[in-house]
Amino acid sequence: MDADALAPVTPGRPVGVAIVDDHPVVIDGVRAWLATEPRLTVLATGDDPDEVLRAAPEADVVLLDLRLHGRLVLDKLAELSSAGRRVVVYSEHSDPATMLAALDAGAVAFLAKHEGREHCVATVLDAASDRPYVPPALAGAMVGDPRPDRPVLSDQEREALLLWFQSMSKASVARRMRISEHTVKQYVDRARIKYTRAGRPAATKAALLARAIEDGLVRPEEIGIYRSRASTDQPTP
Amino acid sequence: MSAEPGTTFLPQHTRPASVPTPRVTSGSDEVGAVRAAAAVAHTSDRGARIVAVTIALVWHLAIGLPAVLTAGPALAVPQVVLGGWLLVAVLGVIAGIRLLRDAPLPAAPLAGLLLVVDVAVFASVGRAHLFSPANWVWGTLAWFFLVVLWGRPVHRLLALLAAHAATALTAVVLHGATGAADLARATMALYGTSSLPVAVFAGAAALATLSRQRAATAATTNAMVAEREAAEQARHERGERLNLVSRAASEVLTELADGRADPADPEVQRRCVRAAARLRRLIAESDDVPHPLLHELRAAVDLAERNGLPIDLVTIGSPPPLPVRVRRSLADPLTASLADARDWARLTVVSGPDEVVVSLVTPDREGPDPTGHPAEDVDGQVEHLYERDGKIRWTQTRWHR
Numbered sequence: 000m001d002a003d004a005l006a007p008v009t010p011g012r013p014v015g016v017a018i019v020d021d022h023p024v025v026i027d028g029v030r031a032w033l034a035t036e037p038r039l040t041v042l043a044t045g046d047d048p049d050e051v052l053r054a055a056p057e058a059d060v061v062l063l064d065l066r067l068h069g070r071l072v073l074d075k076l077a078e079l080s081s082a083g084r085r086v087v088v089y090s091e092h093s094d095p096a097t098m099l100a101a102l103d104a105g106a107v108a109f110l111a112k113h114e115g116r117e118h119c120v121a122t123v124l125d126a127a128s129d130r131p132y133v134p135p136a137l138a139g140a141m142v143g144d145p146r147p148d149r150p151v152l153s154d155q156e157r158e159a160l161l162l163w164f165q166s167m168s169k170a171s172v173a174r175r176m177r178i179s180e181h182t183v184k185q186y187v188d189r190a191r192i193k194y195t196r197a198g199r200p201a202a203t204k205a206a207l208l209a210r211a212i213e214d215g216l217v218r219p220e221e222i223g224i225y226r227s228r229a230s231t232d233q234p235t236p
Numbered sequence: 000m001s002a003e004p005g006t007t008f009l010p011q012h013t014r015p016a017s018v019p020t021p022r023v024t025s026g027s028d029e030v031g032a033v034r035a036a037a038a039v040a041h042t043s044d045r046g047a048r049i050v051a052v053t054i055a056l057v058w059h060l061a062i063g064l065p066a067v068l069t070a071g072p073a074l075a076v077p078q079v080v081l082g083g084w085l086l087v088a089v090l091g092v093i094a095g096i097r098l099l100r101d102a103p104l105p106a107a108p109l110a111g112l113l114l115v116v117d118v119a120v121f122a123s124v125g126r127a128h129l130f131s132p133a134n135w136v137w138g139t140l141a142w143f144f145l146v147v148l149w150g151r152p153v154h155r156l157l158a159l160l161a162a163h164a165a166t167a168l169t170a171v172v173l174h175g176a177t178g179a180a181d182l183a184r185a186t187m188a189l190y191g192t193s194s195l196p197v198a199v200f201a202g203a204a205a206l207a208t209l210s211r212q213r214a215a216t217a218a219t220t221n222a223m224v225a226e227r228e229a230a231e232q233a234r235h236e237r238g239e240r241l242n243l244v245s246r247a248a249s250e251v252l253t254e255l256a257d258g259r260a261d262p263a264d265p266e267v268q269r270r271c272v273r274a275a276a277r278l279r280r281l282i283a284e285s286d287d288v289p290h291p292l293l294h295e296l297r298a299a300v301d302l303a304e305r306n307g308l309p310i311d312l313v314t315i316g317s318p319p320p321l322p323v324r325v326r327r328s329l330a331d332p333l334t335a336s337l338a339d340a341r342d343w344a345r346l347t348v349v350s351g352p353d354e355v356v357v358s359l360v361t362p363d364r365e366g367p368d369p370t371g372h373p374a375e376d377v378d379g380q381v382e383h384l385y386e387r388d389g390k391i392r393w394t395q396t397r398w399h400r
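Chains A and D, in that order, give the protein sequences. Sequential numbering of the first sequence, starting at 0, is according to numbering that gives the first Met the number 0. Sequential numbering of the second sequence, starting at 0, is according to numbering that gives the first Met the number 0.
Treat each hint with caution, since some may be false.
To be verified - Derived lysine-lysine pairs resembling DSSO-like cross-links, with alpha carbons at most 27 Å apart:
#, chain 1, residue 1, chain 2, residue 2
1, A, Lys169, A, Lys184
2, D, Lys390, A, Lys169
3, A, Lys184, D, Lys390
Hints were generated in silico from the structure; no laboratory data involved.
Only chain A is shown next, with the shape it has when bound in the complex (with noise of 0.2 Å):
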């Protein structure tokens, strides 16, 4: 599969977002936080993906609650990203395994409910471009992340998750790694587009590769040679 597998934003037209929550007043909410970005529009809402997508095929974000009507729908998430859909998982499951999970299923991000005012734009804006966009609670999922064949990230991309994902300012992290907040985000981003190997391959992950390795993120490559961090294991300092 590769990024062509997405259908591209029109530059001009607004994005097209999909709400798919079991709680009204979570949509209304999302809706309002979305009303303040001329850029992004909203197509249609529901508590089902399936008929959300059929009433609004051409979203170019789909906004996922991983819990409806009482089950984790990681399955649909899978199902949704390998047929090409961005999807932007948001949920009160802020358990790092959870958010993970997410990404491996091919979520373009994950976005802690109460990271969502915050937040909750620029995700959107940025995975309708395909970029990364990783949000504190995710940057300490990713940081933390226990399992033995995780990526292999840089003691720098490490350094720069660890302290996003504390102090929630990337002017902080600037000033505390004596870096530019531009270097900051590179070191966030990049850690995220390595896991975009993680998991099984699905059409939005090639996106997000695609275009990192486009926007000069990545080096093509960097990108093939990821080990089991098993094998290399070593202390951040």
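Assemble chain D onto chain A, guided by the hints.
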């Protein structure tokens, strides 16, 4: 922080799909169980050691010495027989004391020395006293083997006894005592003087093993019971906190729904923020038995919150077992800063098997730095960072294995 009246979500359940975390306490429990078992086995073994040392020395003194002195000049070379007796007596006292003090002397040289004495005495005792009590090595030596080889595998004792038997039989043959009656006496003497030490030795070893196993089982059971009780206690506490938080949350939500509370009122907003932060923290607790570090931090957070500070506590991973001093160096600077925090605070703990990083971020404001505890330096294992950049105050402690 992020949670506002309109965006406060109630959890649909109280137990999140929790990450199966390794038991943080099991490692130390196992060590504890092993230690307890070793202590019990040691106590039970001590009795058997005292018995072995006492028998060897008493027999040597009460039966061996009078016989040697009585036989005196009738022995072929009395000086060697008596000298051997003295040497073994001294050796026996030293080895016995060391054994009872848990510092046994090296077994191999002592065993070699005993065998040399064995040969020398058999060679010097003479034909007439070959089977008399004056040939003290018959009766006493096996018990000294026991003292010297205590705690070693039983086959070494058997090998040493075999060497002793070979020496005895060779001496019997060389002294020309090859009649059926003499050979029978020799065999009976060997059997009689060896079987009891072997039985004591093997019996003591078996008893020590048994008591070690039983003590280990008991200690493991106790640890499990303790852990279950701690888990039960933690569950109970969480239930109580959930009740408390749910009440606070439903109160403010009901007031909002009834129109009695105004979402624009800063006080109402603060109540919402606090209730949401508490609920989030409860949802995030996935450990059955809290790690002491997390327990301490949660306690500090609860305290700060009771003083009206909305605070987030996010933990990732399970800390490994940590010595109290390390735990204190990790937590103290944070709790000191927390006491000084205003408006909001974010406390995070990221743990791996070899690293634990605790961080507290609060908004910066005018005023002096918190007069925190000077970070106790635990052999440079815990680093402590504090900085303020006009926007935030950032306290971080970090432990490396």
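Hints and how they fare:
1. For a cut-off of 27 Å, the pair hint linking A/Lys169 to A/Lys184 stands: about 7 Å separates their Cα positions.
2. Straight-line distance between C-alpha atoms of D/Lys390 and A/Lys169 comes to about 12 Å, which keeps the hinted pair within the 27 Å bound.
3. For the hint linking A/Lys184 to D/Lys390, the alpha-carbon distance of about 19 Å falls within 27 Å, and the restraint holds.
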